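A.B. asks: Listed in order, the protein sequences are those of chains D and U.
For the first sequence, position 32 (counting from the first letter as 1) is numbered 32 according to the working numbering, and the numbering increases by one without interruption.
All you need for the working numbering is the position in the second sequence, starting with 1, plus 1000.
Hints are computed from structural coordinates only; laboratory data are not their basis.
Mixed in with the good hints, there may be bad ones.
Taking lysine-lysine and the DSS-like style, the derived pairs with C-alpha atoms no more than 25 Å apart in a straight line are [claimed, not checked]:
| hint | chain 1 | residue 1 | chain 2 | residue 2 |
| --- | --- | --- | --- | --- |
| 1 | D | K452 | D | K399 |
| 2 | D | K107 | D | K143 |
| 3 | U | K1004 | D | K187 |
| 4 | U | K1077 | D | K107 |
| 5 | D | K386 | D | K429 |
| 6 | D | K99 | D | K144 |
| 7 | D | K277 | U | K1072 |
| 8 | D | K143 | D | K102 |
| 9 | D | K195 | D | K441 |
| 10 | D | K386 | D | K403 |
| 11 | D | K187 | U | K1003 |
| 12 | D | K99 | D | K441 |
| 13 | D | K452 | D | K441 |
| 14 | D | K99 | D | K74 |
| 15 | U | K1098 | D | K277 |
Listing some non-contacts, in silico: residues in chain U with all C-beta distances to chain D over 12 Å [what the hints assert, rightly or not]:
| hint | residue |
| --- | --- |
| 16 | V1018 |
| 17 | D1029 |
| 18 | E1052 |
| 19 | E1068 |
| 20 | K1072 |
| 21 | K1098 |
| 22 | Q1099 |
| 23 | D1103 |
| 24 | D1114 |
| 25 | T1126 |
| 26 | L1134 |
A short list of chain U residues far from chain D (calculated; beta carbon distances all over 12 Å) [what the hints assert, rightly or not]:
| hint | residue |
| --- | --- |
| 27 | V1007 |
| 28 | G1012 |
| 29 | A1026 |
| 30 | R1075 |
| 31 | E1105 |
| 32 | M1111 |
| 33 | R1115 |
Every value quoted in this text rests on a predicted model; they were computed, and no experiment measured them.
The beta carbon of each residue, even a glycine, is placed where N, CA and C say it ideally should be.
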Amino acid sequence: MKPVLLVDFGSTYTKATAVDLEAGGLLGTAASFTTVETDINEGLSNACAILKEKTGVNDYTATYACSSAAGGLKMAAIGLVPELTVQAAKEASLGAGAKIMKTYAFKLTKSDVREIDRLRPDILLLTGGTDGGNSETILANAKKLTALEADIPIVIAGNRCCADDCEEILEGRQIYVCENVMPSLGKLNILPAQKIIRELFLKKIVQGKGLTKAMELMTDIIMPTPSAILEAMQLLANGTGSTSGIGELLGVDLGGATTDVYSIATGSPTNMKTVYKGLEEPYAKRTVEGDIGMRYSMRGVVEAVGSERLASMAGLTAERLEEMLSYLEAHKDAVPRDEEFLRLDDALASAAVETAAIRHAGTIELAYTPMGETYVQSGKDLRNVKNIVVTGGALIHSKNVEKIARYAGMDGAHPESLRPENAGIWVDKKYLLAAMGLLGKNYPETALEIMKREIIYYGDQK
Amino acid sequence: MEKKKLVMGVIGADVHAVGNNILYHAFTDAGFDVVNLGVMVSQEEYIAAAIETNADAIVVSSLYGHGELDCKGFREKCDEAGLDGILLYVGGNIVVGKQPFEDVERRFHRMGFDRVFGPGTAPETTIDALKEDLYKE
Ligand code: B12
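Same shape as in the complex, but just chain D (with noise of 0.2 Å):
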């Protein structure tokens, strides 16, 4: 036997996912309730023996984790124009396994620099202008940005004319120079920026988090949470070298807080009569949606579907919506386990995930022009993807969770989102992506055979 262990530091829990590299298989996974306050190095003993007791394992080959703990690695994105640089900026971010608290357009004014010491991100990037384009916003961006009380590390990936220049004006602060976002016009490069926030996360950030001592223990990599699921997302759908994989896929993982949502998937117009509008996408992608979440973040999903519709999914009066809500505010650790209860609990899950599937997918809109209709998109197109991957504890233990899922794909009701037209339904019944995504950066072969055995796959529409 040879076997690797795989830690997931969460804000609540601390997971723990034990894998024998010999046979090639799952030996077990446990998780242990971890608070802010609670060590979370107790959390990871606490998991450690239960996993024990279920697997007779004790001693690991190798230990891999990764970390969303004290909030996730939380970043402030500074661009030049929305559309272009910002959202740019945005991307590198979020597929870096981020959580954006703000971002910033065009120049910055003092009173953006205070907040920015108020929201004290763990990293800062600063980006603005194509390659020889506009350097005037970044150099004025990098001057205030002298005036940060907070020493945060920056992130330099605008015009590559002036980087110099910013690094110089920031002298004496945490710099890192890398390769701009938006190198020529609606061209995306994320993945150097990327790179640079991984290390820092490992360098600097998790020692914050009261990590460094679990760290002690580790093997190598410590990535933020998300960025092990993405990196999941894309070994399942593009396989290794030699095996292959599903084939590109729509994931969401629904949270408590906030839901996150992937596509592994290029999304290109699937027709010459369809004019693309906007920034590139990336062809890994990852949207957050912090107003959408199955507790803290309720009122946002009702707020996005109306609670007219989501009593009706429920099966509810608008009344007794509105007083299961309120309880659920004011209990927020309750796990409901009343038939009415669950059924407003498969209500939130679909609507969550229907609402952030839209977000994070493409848009079609028809131009009548004089000699007929022309398409305009922007965004992804998911139409063609024939896998929608659904995970997080919320949704995977329903009884429904195949119906929840399909709330990810098109319907009738929103033509405009071009969401999986018929898409097979997989879910991660046993929370392993994140894990697996630890294991696939070493040992890819193994962690997709887990994946593809562990995975519920519930084929396509009947």
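Got chain D sorted already, so can you dock chain U with the ligand onto it with the hints?
C.D. replies: Chain U with the ligand alone, transformed into the frame defined by chain D:
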């Protein structure tokens, strides 16, 4: 000498792609750094692109006859976005049918376009004009 930057595209709901592509190659060959936004370009898209790339000129093409409507307020929007004084050209079949070109030109000048080109203008004419306007200082 540093290359001058142009942002170009076909405005509005216009899908005539061919002439615009020819112009793109002609401008590039003439030594300009060109961002081609393609067809169906909104005023906002030209402006966003010009800001981010620090462009020296915006060259608007319109071929389907609705150019006048599509170009309304363009100069004002540029001013609003901080692109004051950016060079604005327009050309193609910018209005419907055969109207006296002087009238059309006057109307587009009044809308804030620096130069207006009628149907059948050769790319070289525009290139000479660009060189004159952009390299004169
Ligand atoms: C091919 C074509 C189409 C194709 C376009 C395919 C495509 N994706 O490109 C299709 C069938 C889609 C089409 C549709 C329509 N078309 Co059409 N089309 C033409 C046609 C036959 C050729 C255009 C072309 O490619 N020319 C070749 C290129 C190289 O020339 P160019 O486009 O004129 O560009 C050159 C110059 O104009 C100049 N130029 C262009 N832009 C600029 C900008 C500046 C700043 C400068 C200096 C110069 C400049 O330089 C270019 C290179 O030399 C012309 C007629 C013609 N012979 O020009 C009509 C024509 C342009 N179309 C016309 C019309 C009316 C339409 C429709 C409204 C027709 C309809 N009723 O259904 C629709 C509009 C669709 C839309 N939403 O845009 C009219 C426009 C009339 C007007 N402006 O008064 C024309 C002139 C035909 C006509 N005589 O009636 N069309």
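A.B. asks: If a hint holds in the structure, say so; if it does not, say that too.
C.D. replies: Hint-by-hint comparison with the structure:
Proposed proximity of K452 of chain D and K399 of chain D is supported: the alpha carbons are some 21 Å apart, at most 25 Å. Distance check on the hinted pair: K107 of chain D and K143 of chain D sit about 10 Å apart at the alpha-carbon level, within 25 Å; holds. A hinted pair counts as satisfied when its Cα atoms are at most 25 Å apart, and K1004 of chain U with K187 of chain D qualifies at roughly 20 Å. Between K1077 of chain U and K107 of chain D the CA atoms are separated by roughly 18 Å; this keeps the pair inside 25 Å, and the hint holds.
A C-alpha spacing of about 19 Å is found between K386 of chain D and K429 of chain D, which places the hinted pair at or below 25 Å, so the restraint holds. Between K99 of chain D and K144 of chain D the CA atoms are separated by roughly 23 Å; this keeps the pair inside 25 Å, and the hint holds. Of the supplied pair hints, the one linking K277 of chain D and K1072 of chain U holds, its CA atoms being roughly 21 Å apart against a limit of 25 Å. The straight-line distance between the Cα atoms of K143 of chain D and K102 of chain D is roughly 19 Å, inside the 25 Å bound, and the hint therefore holds.
For a cut-off of 25 Å, the pair hint linking K195 of chain D to K441 of chain D stands: about 14 Å separates their Cα positions. A threshold of 25 Å between alpha carbons decides the hint, and for K386 of chain D with K403 of chain D the separation of about 16 Å falls inside it, so the pair holds. This hinted pair checks out: K187 of chain D and K1003 of chain U have alpha carbons roughly 20 Å apart, not beyond 25 Å. Note on K99 of chain D and K441 of chain D: the hinted pairing holds, with a Cα-Cα distance of about 22 Å set against a maximum of 25 Å.
Between K452 of chain D and K441 of chain D the alpha-carbon distance is near 17 Å, which keeps this suggested pair within the 25 Å criterion. As the CA atoms of K99 of chain D and K74 of chain D are separated by approximately 5 Å, the hinted pair is consistent with the 25 Å bound. Our distance criterion of 25 Å between C-alpha atoms is broken by K1098 of chain U and K277 of chain D, whose separation comes to about 32 Å. Residue placement check: V1018 of chain U keeps its beta carbon more than 12 Å from all beta carbons of chain D (closest about 14 Å).
Every beta carbon of chain D lies more than 12 Å from that of D1029 of chain U, the smallest distance being close to 18 Å; the non-interface claim holds. A beta-carbon of chain D comes within 12 Å of the beta-carbon of E1052 of chain U; the shortest separation is about 5 Å. Under the 12 Å C-beta cut-off, the non-interface status given to E1068 of chain U relative to chain D holds; the minimum distance is some 16 Å. Listed as outside the interface, K1072 of chain U is consistent with that label: its C-beta sits roughly 19 Å from the nearest C-beta of chain D, beyond the 12 Å cut-off.
Listed as a non-interface residue, K1098 of chain U keeps its Cβ farther than 12 Å from every Cβ of chain D; the least gap is roughly 19 Å. Q1099 of chain U, annotated as away from the interface, keeps every beta carbon of chain D farther than 12 Å; the closest lies near 19 Å. With a least beta-carbon separation of about 24 Å from chain D, D1103 of chain U lies farther than 12 Å from that chain, consistent with its non-interface assignment. With 12 Å as the threshold on Cβ separation, the claim that D1114 of chain U sits away from chain D holds: the shortest Cβ distance comes to roughly 21 Å.
At roughly 21 Å, the least C-beta separation between T1126 of chain U and chain D is larger than 12 Å, which holds for a residue marked as non-interface. L1134 of chain U, annotated as away from the interface, keeps every beta carbon of chain D farther than 12 Å; the closest lies near 16 Å. With a minimum CB-CB distance of about 8 Å to chain D, V1007 of chain U fails to clear the 12 Å threshold, and the non-interface call is violated. Residue-level check failed: G1012 of chain U sits 9 Å from the nearest beta carbon of chain D, not beyond 12 Å.
No Cβ of chain D comes within 12 Å of the Cβ of A1026 of chain U; the nearest lies about 19 Å off, and the non-interface call holds. Distance check for R1075 of chain U against chain D: the nearest CB is about 19 Å away, which clears 12 Å, and the non-interface claim stands. The beta carbon of E1105 of chain U sits about 25 Å from the closest Cβ of chain D, which is more than 12 Å, so the claim that it is off the interface holds. Remark: the non-interface label on M1111 of chain U is consistent with the geometry, its nearest Cβ contact in chain D lying 23 Å away (cut-off 12 Å).
Distance check for R1115 of chain U against chain D: the nearest CB is about 23 Å away, which clears 12 Å, and the non-interface claim stands.
Hints 15, 18, 27 and 28, counting from the list given before, are not met by this structure.
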